[in-house]
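Trainee: Going down the list, the protein sequences come from chains A and B. Heads up, the first sequence is in my numbering, so the first residue is 1 and it goes up one at a time. Heads up, the second sequence is in my numbering, so the first residue is 1 and it goes up one at a time.
Among the hints, erroneous ones may be present.
Each pair may be met inside one copy or between any two copies, as identical chains are not told apart.
Below, in silico cross-link-like pairs of lysine to any residue (SDA-like), each with a Cα-Cα straight-line distance of 25 Å or less [said to hold, decoys possible]: (1) K18 <-> S119; (2) K51 <-> R153; (3) K62 <-> S32; (4) K51 <-> R144; (5) K51 <-> D209; (6) K51 <-> E134.
Quick caveat, the hints were computed from the structure, so don't treat them as lab data.
2 protein chains.
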Amino acid sequence: MRVSELVSASGVPLATVKYYLREGLLMPGEASSATQAEYGEQHVRRLALIKALAGVGLPLGKIRTVVRLVDQPADTVFDTVGRALAALPPYPVESAEQSNDYLRARAVLERLGQVYEPSYPAVAQLDRALAAAEDVGIPMTDERLDAYGRHIRGIAEVDLELMPTDSVESAVEYAVLGTAIYEPVLAALRRLAHQDIGAASFAGRTFDDFTDPHRQDEQ
Amino acid sequence: MRVSELVSASGVPLATVKYYLREGLLMPGEASSATQAEYGEQHVRRLALIKALAGVGLPLGKIRTVVRLVDQPADTVFDTVGRALAALPPYPVESAEQSNDYLRARAVLERLGQVYEPSYPAVAQLDRALAAAEDVGIPMTDERLDAYGRHIRGIAEVDLELMPTDSVESAVEYAVLGTAIYEPVLAALRRLAHQDIGAASFAGRTFDDFTDPHRQDEQ
């Protein structure tokens, strides 16, 4: 197809397509004349990937990282996917006072018995999230952690089971997009599950019931 | 305690304390002279709550909503907590083209058999997240939804079980902060569970193994 058709097929404006070509994010088409090139399904697919990655908040430099890993995978699946996932936000905030030992995250991961790569951004992300919980006065308890860990593992197992293995591109694309795109789904589902469970537990109850155990028992 | 002691105890700067007093977010102290007021533990606690709510991204107007609900709860626990939770980000983006029927979210909630309040922001949030998954080519399947739904419910049950019921303030504070503050913890735990499970499943495997079932079998 010609570039105008690529624009229609991908929904990406011509100026943006040209920009991605110049930046090397989109592979060049096959020259069909001095001024024209021919594009195919791989170009449509690549544009969809770039669009999707931009949609989950990746800046151009990080999109480049992912696209390069698709084109030149690392030695193993684990390495390739791991490096691609490291391109995802949130990006670590370096601060001078921070010790970067990630002691909170490491304690949690040891309790869960998980192997982890200390330089993987999710370790820093977990450490920051645990510190925030402490700061607001609801630190992570072992009871909560054990329950969260068990259920999150169940979710992660399904994620891995459903991973396509037909090509490097499919695997990397699924890992990066699936990690980012299902996070807000899970967050919204949790808020809605709270509502459903709360509707049953607290139906009609007033705060007086909370503080007076007898009235609570009668219900 | 005097206002200078309140500043030390809360870690909130004097100018900010005065601002919260003017805005009615912090209840006034007890006048001890024409120019001085006496503050107590409730002021320290309120400042900690305001700080925590600001820390999870609530703008001042939404912090006011939560604080008012603590001071003047609605008739039931469910209503009070529900209204407080509606103050949490992400905030709905109204768009002209959007139909606002939330058909995707409603289909999901019906499949999960959950009751929900259609005006609750998490419904819109779920709908947007499901639309994003479709846009990037990995729509939510029933298989994934059923697994996610089951595990998220397990997490939400623990959240409700651990909810303090000694006072309105504790309950509202826990609901709002716990919802917001544990979301990044859960997201980071999922990414790290992927790594742990992936390390075991893909150890040493190359992409050739993916596409050649025989080599995969031999491992």
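Trainee: Against this structure, judge whether each hint is valid.
Mentor: Against the structure, the hints:
Taking the shortest Cα distances, K18 and S119 never come within 25 Å of each other, neither inside one copy (35 Å) nor across copies (43 Å). Taking the shortest Cα distances, K51 and R153 never come within 25 Å of each other, neither inside one copy (30 Å) nor across copies (32 Å). In this assembly of identical chains, the alpha carbons of K62 and S32 never lie at most 25 Å apart, being 32 Å within a copy and 59 Å across copies at closest. In this assembly of identical chains, the alpha carbons of K51 and R144 lie at most 25 Å apart only when taken from different copies (24 Å versus 37 Å within one copy).
Within a single copy, K51 and D209 get their C-alpha atoms no closer than 52 Å, and across copies no closer than 29 Å, so neither meets the 25 Å cut-off. With identical chains, the CA atoms of K51 and E134 are at most 25 Å apart between copies only, with a shortest distance of 13 Å across copies and 37 Å within one.
Violation of the numbered hints given earlier is confined to hints 1, 2, 3, 5; the remaining hints are satisfied by the structure.
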